[in-house]
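Student: Each chain is listed here by its residues.
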Amino acid sequence: MTDPAPLWAVLALPAVLAGAAWAVASFDAVLGAGARAAWPGREALRLLVQQPRRTRAADVPLTRLGSTLLPVAAVLAAVVLPLGFRSVSDLPEGIVWFNAMEALAWAAVWLTGWGPNSTLSLIGGYRFLAQGLAYELPHMLAITTAALGAESLRVGDVVDAQAGLWFAVWMPAAFGIYLLSALAMSFWGPFDQPAGRDVAGGAAAELSGVDRIVFLSGRWLLFVVAAAFSVPLFLGGGHGPLLPGWAWTLLKTAVVLAFLVWARRRIPTVRMERYVELAWVVLTPLAVAQALVVAVVVLNR
Amino acid sequence: MNDVAFGLLAALAVVSGVMVFRFDSMARATFSLLTSLLCVGGEMLLLGLDYLGIVTVLMMTIEMAIMAVFMVMFMMNPAGLMPMTMTHNKKGAAVICGIAFVLLAAGVLLAPWPARQGKPPADPTMDLGMSLMGPQMLTMMVLGMALFATIVATVVLATRRGRYDRFGDDLRAPQASDPVRGGVGR
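Chains as they are written, first to last, in this note's numbering: chain A, 68 to 368; chain B, 1031 to 1216.
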């Protein structure tokens, strides 16, 4: 069982997440060619002093709503994320909550792409919707498989069920699919076409100034939260020898994030029609088969 | 506290529901409807139906997003960029709405509601799952298949290219000729 967190954790959570996202962005910049660790800060300062741009007949409220909803959804999803054995709120249906907040982020990207009344950003937004369908299904099935293994939708119970064997060990397919689709749901790394260079920044193409900072940092937040959620789901959460729970959570999260950032630098952008077909034809049936195996194991337990 | 939150969410749900028909933009109407449905999800959370509330939030968000995709496929104003109206046949619709409202309100006020028997279950989600997946399993499975068949049928009807375009008139082409190659080597 997870212990209840103190009230100040509600205020601390966004700050901790922002710090983590900042650190990951800096690490990513260090790996990139010719960039320094200070790049995220300099970019943010540059955007703050930038002249804001407006497009003709833009739907400003919807654009603002979309770009603000992205970080808000990421922070709300992190409410059920345990540090060690404590999360801000260990809802009985935490796993469904996490997924629902990810879906909100999905809608947010479409809003941001649609709002500015601009072709390229509209293409970016619609890309994410069409691809998101292919990402969301295996993603949902992978998350469900972990819940099935623990026979509970509570994140704390999923962590407890991994006191012995990590879910990543006996549900490797679900773990792999989760990592892939976590990258895809935060449209980051090899899956960055919704905000890709070929459409001049896609959904983010027309954003400038503070809107752009909010949207892009929201994407980093979402990426960090989605990657960090793989630790309680598949990597045993805070379980581990010697070190306390929070240290294990931090360590495992850092390893997952470092791996994903490193992989991003090794893998080029995946062509979307290829991955989408792979997701529908291979990953979705694979995720169903994995869920079936877990269900049989659980029934025979 | 709970009552205030319930009232606020209810008011917001009704207002954003009305705004669906006031906005002249597809995107605003869609997300106004989503706001309304999210408020309904919040109401369920307040009533202690945690699972149903969160699932409503999840399903409705995805549903509205998918609606935007279908909008591209089926609407005459695909991107939703042009002004449009959500109301058609205004006089007829007003009469129908009025009658429906009067009937429902009369039903609410006049029906002999039964008094509550027993207590609410400790875990409403479990009870709901048992009642849906226990005696009603067959209904749910049939319903699921029917919905799925409808989706597949609409997509099949909407595609311009059929199997004859892909595999030739005698369906004997060794490889499908698709405008875009897929990711599993076909």
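A portion of the hints provided could be inaccurate.
Unchecked claim - Far from chain B by the CB rule (all over 10 Å, computed), these chain A residues: (1) 81; (2) 93; (3) 166; (4) 167; (5) 170; (6) 178; (7) 196; (8) 240; (9) 315; (10) 367.
Unchecked claim - Pair ranges (Cβ atoms, derived): (11) 236(A) to 1044(B): 31 to 39 Å; (12) 1149(B) to 330(A): 34 to 42 Å; (13) 1078(B) to 366(A): 27 to 35 Å.
Think of the hints as simulated: they come from the structure by calculation, not from any bench.
From the three backbone atoms N, C-alpha and C, an ideal C-beta is built for every residue, glycine too.
Student: Confirm or reject each hint.
Tutor: Verification of the supplied hints:
The beta carbon of residue 81(A) sits about 20 Å from the closest Cβ of chain B, which is more than 10 Å, so the claim that it is off the interface holds. Distance check on residue 93(A): its Cβ is at least 32 Å (rounded) from any Cβ of chain B, clearing the 10 Å threshold; non-interface status holds. Some Cβ of chain B comes within 10 Å of the Cβ of residue 166(A); the nearest lies about 6 Å off, and the non-interface call is violated. Chain B draws residue 167(A) into its interface by the beta-carbon criterion, the shortest separation being 4 Å against a cut-off of 10 Å.
At the 10 Å boundary, the C-beta of residue 170(A) falls inside the reach of chain B, the nearest C-beta of that chain being 4 Å off. The beta carbon of residue 178(A) sits about 7 Å from the closest Cβ of chain B, which is not more than 10 Å, so the claim that it is off the interface is violated. With a cut of 10 Å on Cβ distances, residue 196(A) falls inside the contact zone with chain B, its closest approach being about 5 Å. Even its closest Cβ contact with chain B, about 17 Å, leaves residue 240(A) beyond 10 Å, as expected for a residue assigned away from the interface.
Listed as outside the interface, residue 315(A) is consistent with that label: its C-beta sits roughly 28 Å from the nearest C-beta of chain B, beyond the 10 Å cut-off. Every C-beta of chain B lies more than 10 Å from that of residue 367(A), the closest at about 20 Å, which supports listing it as non-interface. Distance hint for residue 236(A) and residue 1044(B): a CB-CB separation of about 51 Å, inconsistent with the stated range 31 to 39 Å. Judged by the Cβ atoms, the range 34 to 42 Å given for residue 1149(B) and residue 330(A) is violated: they are separated by roughly 53 Å.
Taken as a hint, the range 27 to 35 Å holds for the pair residue 1078(B) and residue 366(A), whose Cβ atoms sit roughly 30 Å apart.
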